[in-house]
Structures are given as structure tokens and as C-alpha cells.
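Sequence lines, in order, name chains C and B. What the first sequence shows, in my numbering, is residues 21 to 717, in sequence order. What the second sequence shows, in my numbering, is residues 21 to 717, in sequence order.
A portion of the hints provided could be inaccurate.
As the list claims (entries may be wrong) - To give an idea of the chain C side of the interface with chain B (calculated C-beta under 10 Å), a few residues: (1) Gly439; (2) Ala496; (3) Leu620.
Unchecked claim - Ranges between beta-carbon positions, derived for each pair: (4) Ala615/C - Lys542/B: 35 to 41 Å; (5) Arg139/C - Ser501/B: 50 to 56 Å; (6) Lys484/C - Val454/B: 46 to 52 Å; (7) Ser295/C - Lys391/B: 23 to 29 Å; (8) Asn259/B - Gln398/C: 28 to 34 Å; (9) Gln352/B - Gln398/C: 24 to 30 Å; (10) Ser295/C - Val152/B: 51 to 57 Å; (11) Gly439/B - Asp323/C: 52 to 58 Å; (12) Asn259/B - Ala528/C: 48 to 54 Å; (13) Thr522/B - Ser295/C: 47 to 53 Å; (14) Ala441/B - Gly616/C: 44 to 50 Å.
The set of hints was computed from the structure by calculation and includes no laboratory data. By construction, the Cβ of each residue, glycine as well, lies at the ideal position given by its N, Cα and C atoms.
Protein chains: 2
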Amino acid sequence: MTTRLLATLAVTACGLPAAADEGMWLFTNPPLKQLLDKYKFTPPAGWLDHLQKSCVRFPGGSGSFVSADGLVMTNHHVAADTLQKLSDLKKVDYLKLGFLAKTRADEMNCPDLELYNLREIKDVTADVNGAVKPDMAAADAFKARQQKIGEIEKAASDEGKGVRGQVVTLYAGGLYHLYTYRLYKDIRLVFAPEKQAAFYGGDPDNFEYPRYDLDCTFFRVYEDDKPLKPDHHLTWSENGSKADELVFVAGHPGRTSRQNTLAELEYLRDTGFPSLMQRLNRMEVLIGAWIGRSEKNRQLGEDDLFGIQNSRKARYGGLQGLLDPKVMARKQAEEKRLKDYIVGMQKEGRKLPDWHAGAMTAFDTIAAAQKKRAEYAQEYGTLEQGTAFNSTLFGYARALLRYSAESKKEAKDRLPEFGDARLPALKRQLLSEVPTDDDYEILKLADSLTLLAGTYGAEDPLTKLVLAGKSPRARAFELVSKTKLKELAERTKHFDAKSVPTDDPMVALAAAIDERARAIRKKYEADVDEPKRKAAAALAQARFALDGANAYPDATFSLRLAVGTVSGFKENGKDVPPYTDFAGLYARAKEQGNAGPFKLPKRFEERKTALDLKTPYNFVCTNDIIGGNSGSPVVNAKGEVVGLIFDGTIQSLVWDFVYDDSDARSVAVDSRGIIEAMRKVYDAGRVADEITGAKKK
Amino acid sequence: MTTRLLATLAVTACGLPAAADEGMWLFTNPPLKQLLDKYKFTPPAGWLDHLQKSCVRFPGGSGSFVSADGLVMTNHHVAADTLQKLSDLKKVDYLKLGFLAKTRADEMNCPDLELYNLREIKDVTADVNGAVKPDMAAADAFKARQQKIGEIEKAASDEGKGVRGQVVTLYAGGLYHLYTYRLYKDIRLVFAPEKQAAFYGGDPDNFEYPRYDLDCTFFRVYEDDKPLKPDHHLTWSENGSKADELVFVAGHPGRTSRQNTLAELEYLRDTGFPSLMQRLNRMEVLIGAWIGRSEKNRQLGEDDLFGIQNSRKARYGGLQGLLDPKVMARKQAEEKRLKDYIVGMQKEGRKLPDWHAGAMTAFDTIAAAQKKRAEYAQEYGTLEQGTAFNSTLFGYARALLRYSAESKKEAKDRLPEFGDARLPALKRQLLSEVPTDDDYEILKLADSLTLLAGTYGAEDPLTKLVLAGKSPRARAFELVSKTKLKELAERTKHFDAKSVPTDDPMVALAAAIDERARAIRKKYEADVDEPKRKAAAALAQARFALDGANAYPDATFSLRLAVGTVSGFKENGKDVPPYTDFAGLYARAKEQGNAGPFKLPKRFEERKTALDLKTPYNFVCTNDIIGGNSGSPVVNAKGEVVGLIFDGTIQSLVWDFVYDDSDARSVAVDSRGIIEAMRKVYDAGRVADEITGAKKK
């Protein structure tokens with residue numbers, strides 16, 4: 021899950037009678053009618069405000085206040101970066117060992133961690149659009165809006181007081197909302213289990229269900245060196261949830277692409293995903309086999325391998341969804357509804373809005389762009405995205421080469437990644453102090469050169485140019501062993517001088533293909549990206565004109581509400597029940613010989629008899645989530661915590677594009693499992709008491 | 021290695037000044053000049069005869085007599101089938117535990133195992149060709165030769181006396197040799213280490229070097245219930261080998277394709293191997309992830325996974341060799357030499373042989389056939405080879421469907437796999453008692469249907485026909501859960517009646533694509549196989565006319581001699597020394613946390629202090645081997661055993677097509693390591709004494 025609920029894809033709104041529990045709803049526009057019709061539920065006064073103000077946003081994830089003393093709950097994998105930094109700082113491996121602050125005095129300050137708490141939402145659409153003069157060209161209108169947004173955000177912010185305003189673009193510009201956050205910077209670590217408990221089952225169980233993961237971590241927010249007393253926090257449910265119960269997820273879904281047209285999904289289904297999967301499979305096999313050969317290799321390649329496995333599962337799940345005709349038929353029906361509306365407007369003979377002409381041709385334009393996308397994919401991927409040059413050192417060579425060339429141009433003519441604002445990121449990447457490993461570089465580069473030869477053919481002039489009369493292995497060895505870009509001093513010298521060592525073999529290779537790489541990028545941007553961008557904007561306007569706020573907007577990493585029920589599903593004809601329990605954890609370990617990713621953490625082995633084995637541990641529900649929702653609280657109708665979102669099943673991975681709950685589910689840690697483990701396994705009664713209110717401090 | 025040195029590819033002879041130690045030489049035609057020129061060595065009288073008669077052939081592998089009492093040495097992986105059968109029979113897992121017969125009385129009879137000992141070689145070329153009348157059509161000539169071969173073999177055989185004659189077709193028909201074997205059927209198991217010692221390092225170290233494998237097993241041949249006293253056996257070298265020493269390998273290379281033309285190698289390099297690797301990578305990831313999910317899955321998929329990993333490594337190694345321009349340049353030079361000869365004959369104006377016209381166009385014909393091969397590959401692979409239907413149950417469905425149709429035809433019109441002679445094999449496959457597992461079947465079928473959709477596109481009529489409006493997962497579930505072909509009784513009923521249950525959903529699927537599958541097969545055979553077969557035959561005759569017996573013939577699973585030296589190599593610029601020792605085994609285990617494929621067998625842990633850790637354990641040499649050479653003895657110039665071939669490095673995998681020893685090597689167990697382990701680890705001093713002649717029994 022890690023990667024998935026932390027990161028994702030493109031942007032825009034959703035129409036048609038939503039499927040079942042579909043929807044990532046704005047707190048300003050909750051699905052009241054659906055809640056009443058399907059669940060006979062109407063949120064009482066203050067219910068939504070309380071939930072909103074109890075939530076916090078983490079970098080890339082979600083969380084919530086769960087005590088009057090500022091305790092914050094999120095996922096272990098959301099906290100992992102912070103745990104890693106603390107480990108480096110204190111020379112203790114907290115990811116491996118876990119952490120418990122025995123007293124408040126032991127709570128450990130977390131460098132660089134900032135949390136956002138949403139205080140206020142205001143519609144600023146008229147204000148933003150007011151900046152646009154009637155006859156402005158599109159580019160000027162865009163600039164005028166951006167400038168106005170900057171002004172609004174500045175006026176709403178007060179850094180000294182920890183207040184930050186952010187304008188969120190919803191419905192691809194149909195609405196602009198100003199979100200005002202309270203920022204917290206003194207965050208301390210209270211409790212984290214060891215990774216082996218948090219990510220029990222590792223890659224084999226990732227995206228699967230049943231699960232047995234204690235994927236939680238607790239922080240505390242401090243202000244003026246004292247625990248924060250938040251004005252809102254979630255209370256803990258005494259009894260947890262039960263099957264078929266209505267539950268809500270409040271969190272920050274990152275990005276969805278639910279407005280992609282059928283043509284785009286067909287491209288992904290028939291070309292994009294199959295080809296990406298090939299590359300992921302190839303890298304997984306290559307690196308997996310290599311890291312098995314030595315401990316050094318394992319240390320170098322393990323993280324890459326996990327990232328690849330995670331992506332591979334995610335893409336495979338997404339592809340399976342796109343290959344489901346039922347899913348695609350829903351997409352088609354929705355597209356027809358929008359088309360009918362656009363064409364219908366014309367028949368009505370009334371004055372047509374600006375976007376209408378663009379919307380009339382938008383579906384065809386996007387379909388044509390997908391044809392170009394397929395046509396360019398090989399050359400664009402190989403040369404510009406660099407799939408044929410899978411090497412950190414090649415990345416350095418190209419960055420230096422292009423930086424040297426681009427820095428001589430005027431700012432407006434540069435490739436965007438060499439714009440002034442991006443220089444710090446470029447510098448960080450190029451002057452990384454992490455050393456490269458020759459063997460690993462040769463392995464990856466030789467394999468990607470082999471891929472190049474297999475793609476173009478060994479006799480193709482491009483292959484011959486790149487391989488220079490050698491086998492991929494010999495060429496990779498030559499390039500990696502001879503380049504001086506391994507040396508930080510060498511890179512620093514050239515970065516500072518905006519120069520490039522043209523006699524370095526890796527640079528010479530990057531230079532040899534640069535013209536061709538730039539050419540395909542230019543074509544790709546002109547024939548694929550740009551037409552799609554314009555057409556999608558016209559469709560977004562058409563859709564907003566049709567549905568307005570009756571539909572939820574695509575995810576924007578801002579706070580949303582998802583409605584659903586705790587509910588099992590069928591897999592290969594077999595019922596998968598919604599809950600797991602601790603007994604299941606021990607059974608899973610036993611069945612797997614208590615080894616590898618299924619090895620029980622030592623504490624769980626020792627404390628088995630102390631645990632009530634029937635305590636619910638993980639559960640699945642139908643709430644509509646996506647990457648960014650990691651760490652979201654699951655609450656019941658009373659607004660009490662019953663769970664903690666940490667994953668989606670492999671069947672849910674199509675939710676990037678289309679929501680469908682026939683077998684897809686969100687996965688959560690059960691609130692009862694968290695408390696039971698804290699008390700019986702981790703001796704963290706202090707924290708459990710605070711959360712459940714068993715004892716006041 | 022297992023698969024590789026046991027099985028392999030196509031057939032034909034090799035010209036040009038051979039590269040270094042190239043050559044799988046006939047015992048009737050050893051490379052005397054090369055031995056003299058390069059090594060100043062001339063085999064003394066009787067040397068070759070003694071070596072030949074000391075060798076035995078195993079099913080799929082090689083071996084040798086190593087004691088006066090009929091002790092036979094081969095690889096553990098050659099013996100694995102027999103060990104498995106004994107395990108089933110005795111309900112003891114000998115693969116896991118190993119086996120030592122404490123006394124001769126404990127030596128364990130091996131069912132079904134037969135060994136061949138080559139007694140005599142006779143040239144019968146004139147005899148075979150004499151059966152062909154001057155004006156016979158090619159097909160009739162072929163039949164006449166086959167009939168004559170049958171007569172010769174029958175006359176040379178005396179089953180009652182355990183004598184069997186086999187005519188070996190060399191140089192694609194340039195020569196016919198009658199090999200007369202003595203057959204032994206009473207074979208008993210004497211000593212086998214546990215698989216964890218024999219295949220130490222598992223897949224990660226497979227095809228790699230350095231290695232630490234005790235890949236040996238010892239049998240004894242009995243006759244009339246007494247140990248055989250073979251007239252020849254190899255003696256054991258007291259001191260083993262040393263670096264750069266001349267060594268010989270005598271064994272049974274199975275098949276090589278060294279006569280493949282450049283166009284064929286280019287096809288494999290640019291199309292065949294890259295596409296096969298994609299499929300292997302895909303299956304490795306699919307099954308690898310699945311078997312990680314439960315012990316049941318592991319048991320079901322582990323063997324498949326190992327086979328896939330083994331093939332993937334083999335193909336990757338082969339592909340790397342084909343991508344080496346140096347290797348291809350040698351191939352090209354050799355091809356030019358042959359072309360020049362063929363064209364030159366014409367210029368000389370003398371009477372041209374029958375094959376000349378065919379040879380003149382052969383290279384172009386084969387090149388054209390490769391174009392067709394690339395054109396047909398997708399459809400042929402998907403539909404006829406069934407890569408889109410990776411399911412045992414689909415295999416049953418197609419076999420029943422076609423058997424029902426083919427059995428109604430006259431014998432000569434049937435697809436070859438339904439010929440009368442092949443019925444026992446068909447029956448064995450179709451009526452296998454091994455049950456299928458629904459989950460595994462669904463996994464593999466759903467994935468291969470996904471591959472079909474990715475290959476043709478989801479909207480293609482073929483995809484739609486196959487998926488029948490469902491997602492690949494749902495369709496696979498439907499097919500697997502509903503087919504009755506899971507039941508042996510159902511398959512037996514239809515096999516016996518030569519009928520087919522057309523209403524079975526899996527049969528209906530096989531039927532729906534059968535016409536199209538048969539059509540592409542017919543085209544493939546007509547446009548690829550047949551032209552290639554004819555052209556290759558003409559080239560083989562041209563080559564034999566040019567080189568005669570100065571070149572060695574392609575491998576034919578008959579006894580050959582390979583010459584080379586013990587010698588390390590360079591990998592990524594680093595020297596890899598030729599020998600490993602026991603100290604290296606313990607270091608490797610330690611470095612790998614003594615886990616998984618690197619876990620030390622318990623015996624090795626316990627006996628570490630008893631071992632002389634500096635004893636050489638494995639070594640590499642340059643001798644030219646291929647699948648089938650597994651178990652071949654490595655002997656020194658005195659004909660004494662210094663090692664036991666068990667693998668080739670990944671760089672040697674191009675030897676299927678071209679020999680090159682710049683970095684490719686054969687891998688052997690050192691004779692000293694075998695004895696040291698027997699004495700100190702396995703308490704097998706009885707066997708070690710017998711082998712080394714330390715004590716007479």
C-alpha cells in the first residue's frame with residue numbers, strides 16, 4: 021500500500037447516478053440525499069464541522085486528533101519517513117524496533133514534520149474569475165487567475181500565527197475554494213509499532229485481503245512546548261463497528277482521473293498498462309534475482325524492489341478493472357450523457373458558452389491524441405523518459421548536459437525542469453551524497469540497453485549508436501567504470517560552473533541521443549499533452565454546467581468525505597468476510613512457517629496468551645478512497661473512531677478511473693485491534709487510556 | 021542448471037578455424053592436431069578407448085564408472101528423478117535427506133533406471149546410403165534410409181544379452197555411425213547428498229560462479245545380483261587439477277544449433293528471445309508473488325517457478341551472447357566462408373552435386389522464412405502454442421477436442437501428435453492422476469487471458485470471442501469452476517470413446533478458436549518450418565563437402581570429447597578465480613544470513629571443524645559442453661578423474677549457437693571436494709575408499 025495511498029496520477033468531476041457508495045465529497049457539499057435515501061441518516065448539526073476540524077493532513081497522507089491532549093493518529097507507512105529520519109538522527113532503527121514514549125517527557129521531537137488542520141472553507145470562485153477580463157487570451161486569463169489566487173492566499177495567511185490559506189481548484193476550475201489551515205510544527209512521536217507488525221505479510225499480502233497489519237503510528241502536537249488542546253478531536257468508539265454498519269472516511273485523497281475519457285482508458289488498457297507491466301515485470305525479476313545473490317545487493321536493491329512490486333501490483337489491479345466490460349460500460353454511459361448534453365445545447369438554439377465549440381470536438385480530439393500517444397510511446401519512453409538508460413549515472417550525465425544548455429537560454433525558453441524555481445530540486449538530485457554502486461549500475465544499465473536492443477533490433481542505427489560495437493553488458497561496464505560522474509566533487513564542479521564534461525563517456529552517450537530525445541518530447545507535448553489539456557478543460561466546463569455541485573470533484577489532496585459500509589466480498593466465488601482477528605494473525609504465521617514477511621514480531625510471539633485472540637484486527641469497507649487517504653480515520657454515525665484506513669484491495673486499484681464496489685474494498689485497522697495490541701503487546705496502556713478516555717491525565 | 025544440462029534445442033556441423041577450445045568431438049575423430057599444436061599432447065594408445073568404455077549414458081545426462089566394482093558417478097540433478105521415485109516408493113524424502121548405503125547390502129534398487137555403456141562405433145554411411153536408389157524422390161529416399169537404419173539397428177541388437185545398436189545421424193546425414201551399447205538395468209543407489217548441498221545457492225546462484233555445490237550422486241551397477249566388474253573404469257586423481265591444466269570432458273551433449281544461419285540468430289536475438297523473456301518474466305512475477313501467499317500455493321507452484329527461473333536465466337544468457345557483436349561477427353565470417361565455397365563450385369565449372377541448387381538459395385530461403393516466423397509469431401504463440409490459455413484444464417479440453425477429430429482421419433492425415441505411436445503419451449498426459457487446483461488454474465488462465473487482451477486489444481473480435489463479455493478474471497473463474505474436465509472419470513470416458521463434451525465451457529472455448537489455431541499452424545509449418553528444413557539440409561551437405569570430418573558435428577546426445585583448461589575469467593572487470601573451497605561455502609552462508617537457498621545443510625554446520633576448509637570444492641574450465649553433459653567426468657591427461665561437470669555459467673548459454681570462451685565457462689565439482697565431503701561430512705568413507713582405491717573390498 022505504502023506507495024499507493026501516498027502517491028498517484030491526473031486531475032478533474034463525476035456525473036451520472038453514482039455507483040453505490042461512490043464519491044469523495046466536499047465537506048461543503050456532502051451527499052445528504054444519498055445518505056437519507058440509502059442510510060436514513062442525516063448528519064446532526066455540527067457533525068461535519070467536528071469531523072472536519074478533527075482531521076489533519078500529513079505530507080502525502082491523512083490523520084486525525086484522537087485525544088483532548090493533541091494525540092494524532094495516522095498510518096505507520098505515513099510516518100515511515102519521519103521514523104527513518106529519527107533513526108538516522110538517533111542511530112537507532114525505529115522502523116525495525118518500533119518506539120514507545122513511556123512518559124510524555126519521552127515523546128520524541130520529529131524534525132521537518134508539519135501537520136495541516138483545516139479551519140475554514142470559503143467559496144472564492146467569483147473573486148478568482150473576476151480577475152479575468154472578457155477579451156483576454158487563454159494564457160493571459162490563466163496568468164490573471166494565478167495572480168489573483170496568489171493574492172487571496174497571501175491575504176488569508178499569517179505565517180507568524182501558523183495560518184496558511186490555500187486556494188483549491190475544483191471541477192477543473194468550475195469552483196475555487198479557499199481552505200484556511202492551522203499549521204503545526206512541533207510534532208512528537210508517541211508510539212509506533214515495529215514495521216514487521218505494521219506491514220505484516222509484506223509484498224505477498226500487499227493490496228490483498230484478509231490482512232493482519234497494525235499499520236498505525238501516534239504523534240502528539242505541541243504548542244509552546246505543551247500538548248495542544250485541540251478544539252475538536254474524535255472520540256473512540258467503545259464497541260467498534262459491525263458488519264453492514266454505515267461508516268465514514270474523512271481524509272485527503274490525492275489525485276483521481278475519473279474524468280479521463282473512454283479513449284484514454286482504452287489507451288491505458290490496451291497499450292499503456294500492458295507495456296508498463298512488461299517493464300515492471302522485467303525489473304522485478306532482474307533486481308529480485310540480483311538481491312538474492314548477496315547481502316550487499318539486498319541492501320542496495322531492496323527499496324527499489326519493493327517500489328517496483330508495489331507499482332506492479334497497483335497497475336495489474338488497475339488493468340484488471342479496465343478489462344472489466346461492466347466498468348467500461350458505466351464509463352461509456354456517462355460519456356454519452358455528457359455528449360448528449362453538449363449536442364443538445366446546440367439544438368436548443370440558445371447562446372452557446374465559450375467552451376462549447378471546444379467541448380463539441382473534445383472527445384475526438386482526445387481520441388486522436390491517444391493515437392499519437394500510442395505512436396510515440398516507444399521512442400518517448402526509451403529516449404526521453406530514459407527506460408533504455410536505467411542508471412543513476414546516466415541521469416547525472418543528462419542533467420548536467422541539459423542544465424549547461426538550458427541555463428544559457430532565457431527563462432521562458434527553458435525546459436520547465438530547469439526553471440529557476442526548480443533549481444534547488446535539480447541541485448538536490450544531482451549533488452546527492454548517496455554513493456552509486458558500480459555493480460548495481462552495470463546491472464540496471466546493461467539490462468535496459470538489452471531492452472533497447474530488443475525494442476529497436478540490434479542492427480538499428482540507434483542501437484548501434486548507443487552500444488558502440490559492444491554487447492550491452494560490455495558497454496554498460498565501460499560506461500559505468502569510466503565515468504567520473506560517480507564523484508560528487510566532479511558533479512559539484514560542473515553544476516556550479518554550469519559546464520559539462522563532454523569527454524566523459526556517460527555524457528557523450530547522453531549527448532549522442534539528446535537531439536532525438538528532445539525531438540520526440542517536443543512532438544509528444546505538441547500532439548498529445550497540449551490537445552488533451554485543452555479538450556479536457558472544455559469537457560470539465562461542460563460537465564460543471566451539466567451537474568454543478570451535484571457531482572463530486574476529482575481528488576485534489578484536500579479534505580473529503582467518503583460514505584460506505586463495513587462489508588465483505590466474493591473472490592473466485594468464495595466469501596471473504598469483512599473482519600480478521602488476532603487468531604488469524606497467528607494462523608497466518610503458522611501456515612507460512614513463521615518466516616520472511618510472515619514472521620511474527622517477537623513481542624507478538626511472547627504475548628500471545630495475553631491477547632484476546634477474537635479481537636477484530638483489520639476490516640474492509642466500501643468507502644471511496646485513493647492514494648492520500650492513508651491514515652484517514654473511519655468513524656461511525658456518531659462520529660466515533662472505529663478504524664484507520666491503510667490500504668485498498670487489488671480490485672480497488674481501478675478507482676483511479678472508475679469507482680466500482682462489486683468486489684473492491686478499502687482496508688482499515690480496527691479500532692479494537694489497535695487498543696488491544698497497545699495494551700497487551702506494547703505495554704502502551706498510557707496511550708490507550710488517553711485515546712479511550714479510560715483515565716484522564 | 022538442472023534443466024539446461026538436461027534438455028535443449030535444434031540440430032546439424034561446425035567449420036572455420038575453431039575458437040580456442042571449441043568442439044564436441046567424435047571419439048572416432050578426436051582433435052589430434054589441435055591437441056598437439058596447442059597442448060603438445062597426443063593421447064597414448066588405448067587412452068580414448070579406455071575413456072569411452074568408462075563412460076555411461078543416463079536418461080538425459082552423463083556418467084562414468086569410477087571403481088572396479090561398478091560404482092557410477094553422475095550429478096545429483098541427473099539422479100533427481102530416481103531419488104524422487106525412491107522417495108515415493110519408500111515414503112522417505114531422499115531429496116531432502118540424502119542417502120548413504122552403509123554396506124553394499126543397503127544399496128537400494130532403483131526402478132526404471134537404465135544405463136548405456138558404449139562398446140563399439142562403426143561407420144555405416146555407405147550401407148545406409150546404399151538403400152537409396154538414384155532416382156528416388158526425397159521422401160522415398162528418406163523412408164528407404166529409415167528402413168535401412170532400422171535393419172542395421174535390429175541386426176546389432178540382442179536384447180536378451182543387453183546389447184542395443186543405435187544409428188546416429190551425424191553432420192545432418194553426412195555420416196551415419198552405428199553405436200553399439202551394453203545396457204544395464206540393475207542399478208542401485210549408493211550415495212546422494214541432500215539437495216540443499218547438491219544445489220546450494222538455489223536459483224540465485226544457478227548459472228553463476230563462484231559456486232559451492234556438491235552436485236554428485238553415486239550408483240552401482242549390478243549384474244546377476246552381484247556388483248558389475250566393468251572392463252574399464254576411471255581412476256581417481258590423487259592430486260586433482262590445477263589452474264591452466266589441460267582437462268577433458270567425456271559425455272553426451274544433447275543438442276546444439278551451431279548451424280543456425282545468421283538470419284536465424286538475428287531472429288532469436290531481435291524477436292524470439294525478447295518476446296520469450298517477456299513471457300517468462302511475467303510468469304515468474306505472477307507465480308512468485310502467488311506462492312508467497314500460502315504454503316499450499318508454494319507446494320503447487322514451486323516446481324513451475326523453478327523451471328521458469330531456470331529458463332529465464334538460460335534465455336537471458338543466450339540473448340546476451342547473441343548481442344555480442346564479436347560472437348555474431350564470427351558467425352558471419354563462417355557463413356561467408358561457406359557461401360564462397362558454394363558459389364566457387366559454380367565458377368569452377370565442374371559437375372555440381374544434387375544439393376548445389378538448394379544450397380545456392382538456402383541462406384536467402386532461411387532469411388525469408390525468418391521474416392514469416394516473425395510475422396506469424398504472435399498468432400502462432402497465442403493460439404496454437406496456447407500462451408493465451410495457460411491452463412492444464414484448457415490443455416485437456418484441446419487434447420480431447422482434437423483427438424476426437426483426428427482419430428476419425430486416416431493415420432497419414434492426422435496431426436503428428438495424434439499418430440498411433442504417440443497415443444500412449446497422449447493418454448498419459450490426458451489421464452494424469454495429479455489433481456488440478458482451481459485457484460492455481462484461475463490465476464494462470466486469468467493472467468494469460470489478460471496477456472491476450474494486451475496483445476490484441478480488448479476490442480479485438482478475438483479477445484471478445486474469448487472473454488465472452490467478461491473480465492479475464494471473471495472469465496477464468498467461470499471456465500475453471502464450471503468445467504468437468506477436472507474429473508479424471510470424465511476425461512477417461514471421453515478419451516476411451518474418442519468423444520468430446522461440446523457443452524463443457526472449456527471445450528467450447530477450445531472449439532471456438534480451433535479453426536484459427538489450426539490455420540496459423542498450417543501456415544507456420546508451410547512457410548517457416550518446411551523451407552528451413554530443406555534449406556538447412558542443403559547447407560549441411562555443402563558444409564560436409566567442404567569440411568568433412570575436420571569439423572565436429574552438432575550435438576546428438578551421443579558420446580563426445582571436449583578439450584579445455586581449468587581457467588578463471590573476468591566479470592565486470594574483476595577476476596573470478598577458477599577454484600572455490602569449503603571456506604568459501606561457509607563464508608557464503610554467513611554473508612547470506614544462512615537462510616533460504618543459502619542455508620547450510622545441518623551436516624555441514626556440525627562437521628565444519630572436521631573439514632579441511634582449503635579443499636577445492638568447485639572449479640570452472642573452458643571445455644565445450646551443453647545440456648546432456650550433466651554428470652560428465654572431467655579427466656586429466658592421464659585419464660584420471662579430477663572433476664564432475666554440473667553446470668555452465670550464464671555467459672556459456674550462447675553455446676547453443678556459438679562457442680566463445682572469452683568469459684564463458686563450464687562448471688564442475690572438484691574431485692577433492694567430493695572425497696573430503698564424503699569422508700568428513702557424510703561418513704561415507706566406505707565409498708570414498710572404493711573410489712580412491714584406498715582400501716580394496
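Each hint, compared with the structure:
1. With its C-beta approaching chain B no nearer than about 37 Å, Gly439/C sits outside the 10 Å limit, and its interface hint is violated.
2. Taken as an interface hint, Ala496/C checks out: its beta carbon lies about 9 Å from the nearest beta carbon of chain B, inside 10 Å.
3. For Leu620/C, the interface hint is violated, the least distance from its beta-carbon to any beta-carbon of chain B being 16 Å, above 10 Å.
4. Hint check: Ala615/C to Lys542/B, Cβ distance near 51 Å, so the stated range 35 to 41 Å is violated.
5. Between Arg139/C and Ser501/B the beta carbon distance is about 54 Å. The supplied range of 50 to 56 Å therefore holds.
6. Distance hint check: the CB atoms of Lys484/C and Val454/B are about 50 Å apart, consistent with the given range 46 to 52 Å.
7. The hinted range of 23 to 29 Å is satisfied by Ser295/C and Lys391/B, whose Cβ atoms lie roughly 24 Å apart.
8. At roughly 58 Å, the beta carbons of Asn259/B and Gln398/C sit outside the given window of 28 to 34 Å.
9. A C-beta distance of roughly 28 Å is found between Gln352/B and Gln398/C, which places it inside the suggested range of 24 to 30 Å.
10. Look at Ser295/C against Val152/B: about 54 Å separates their beta carbons, and that is inside 51 to 57 Å.
11. Between Gly439/B and Asp323/C, the C-beta spacing of about 55 Å keeps the proposed range 52 to 58 Å intact.
12. Checking the proposed 48 to 54 Å range against Asn259/B and Ala528/C shows it holds: the Cβ atoms sit about 51 Å from each other.
13. In this structure the hint that Thr522/B and Ser295/C lie 47 to 53 Å apart at CB is violated, the actual value being about 38 Å.
14. Taking 44 to 50 Å as the suggested C-beta distance range, the pair Ala441/B and Gly616/C conforms, at roughly 48 Å.
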